[in-house]
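Enquirer: Letter by letter, the chains look like this.
Number of protein chains: 2
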Amino acid sequence: MTPTDAVSTPGPAPARPRHTAAGRRTRERIVKTAADLIFRKGVAGTSIPDVQQAARVSASQIYHYFADKTELVRAVIAHQVEQTIAGQQPHLDRLDSFPALRAWRDAMIASQERHDCAGGCAIGSLASELVETYEPLRGDLAAAFDRWEAPIRAGLRRMRQDGVLVAEADTDQLATALLAAVQGGLLLSQVRRSSEPLRAAAEAAIGYVESFAA
Amino acid sequence: MTPTDAVSTPGPAPARPRHTAAGRRTRERIVKTAADLIFRKGVAGTSIPDVQQAARVSASQIYHYFADKTELVRAVIAHQVEQTIAGQQPHLDRLDSFPALRAWRDAMIASQERHDCAGGCAIGSLASELVETYEPLRGDLAAAFDRWEAPIRAGLRRMRQDGVLVAEADTDQLATALLAAVQGGLLLSQVRRSSEPLRAAAEAAIGYVESFAA
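Those sequence lines, one after another, are chains G and D. Just so we're aligned: 138 in our numbering is position 138 of the first sequence, and the numbers increase by one with no gaps anywhere. Just so we're aligned: 11 in our numbering is position 11 of the second sequence, and the numbers increase by one with no gaps anywhere.
Since the hints were derived computationally from the structure, they do not count as laboratory data. Incorrect hints may appear among the rest.
Result set (EDC-like, lysine to aspartate or glutamate): computed pairs, CA atoms no more than 20 Å apart in a straight line [claimed, not checked]:
(1) D/Lys41 / G/Glu135
(2) D/Lys41 / D/Asp68
(3) G/Lys41 / D/Glu135
(4) D/Lys41 / G/Glu132
No experiment lies behind these values; they were computed from the predicted model shown.
All chains, full assembly: derive it from the sequences and hints.
Expert: Right, dumping it as structure tokens:
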């Protein structure tokens, strides 16, 4: 799997590198190890030799799969957004009612509380670190947020179709507001080591969606 | 000025180092230069020699004012929160009506649009980069967000006192939701290079506050 398979990018699909099953597992181990290191120490604080050592692979193995650190980071972004989305299932697949929105919020709060609100959002942290310093990756970061926003958007649209929300509700704008509230709430929760900011932010965004209830 | 003068921290006020007027100007130039470099390249991407060169000072001058990089970064956090707050005046001093909240939102949007939504939030970027990697600075980051949230909180309390908001409105929670919406909105706007996420996020948070109008 190339990173661009996992995030929607414009243009034709890139040729899929043909790796053996063992090769795919090695590549996956490298990406997962790099993602874990970067989550803890940031991209700037994680070197290719760090990844080599932690994943128990050689430099040539890493460079077999990734031309350079940027390509590895690109794969980490794609990996983290898929992990984030997988971690929020089954909620994200059916955000089409107010109880479903609140259950999603509660699951995110519980997830933060399980590790004392440390760590924050893997996507948000990558975005904040990379968006200005690794300009070539801005498209990957935007695609990661789009990927996460898509199910939120789809759920709200279904609520409008089903007549739960009024026809005038701008569900795309509401989806962006929900994602922004989650991002900001996660960052404040991380800094304050308390789930209260995430709860307050998500409650406000969901409460605003409720103001469009039919 | 020590960094702890600028942010509210518990405990007794630290002794204020006595510098001459020229010394204070040199210290200010170092902090401002470091803040600019860090805003563009991150803390990990900014070395003490980078700051020296850009501020045209010697290493011994930097170490005269700052024991180490952590102390310099601490001063940068305090500087950036004061800059952020100064940049949002006079709005932050009178966030005590719905028109005032919308004028604040519009000023933030205009500010982002002036530089094509690049750069994002200086405080949010520092927080995201440092909160897990520089644990000793977490208190400074929390104090920076508290410092920014205080005038939002004060404005909402006045709205409740004045009967603009109902007595049941939890103004502290609403203030946190507003700050989180701004943070998340700024990050999404930075990644998408569009002010729309900030607009959507702030509108949702202000709209939620409106649901508590008396």
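Enquirer: Return the numbers of the hints above that this structure violates; sort them in rising order.
Expert: Of the numbered hints, all hold.
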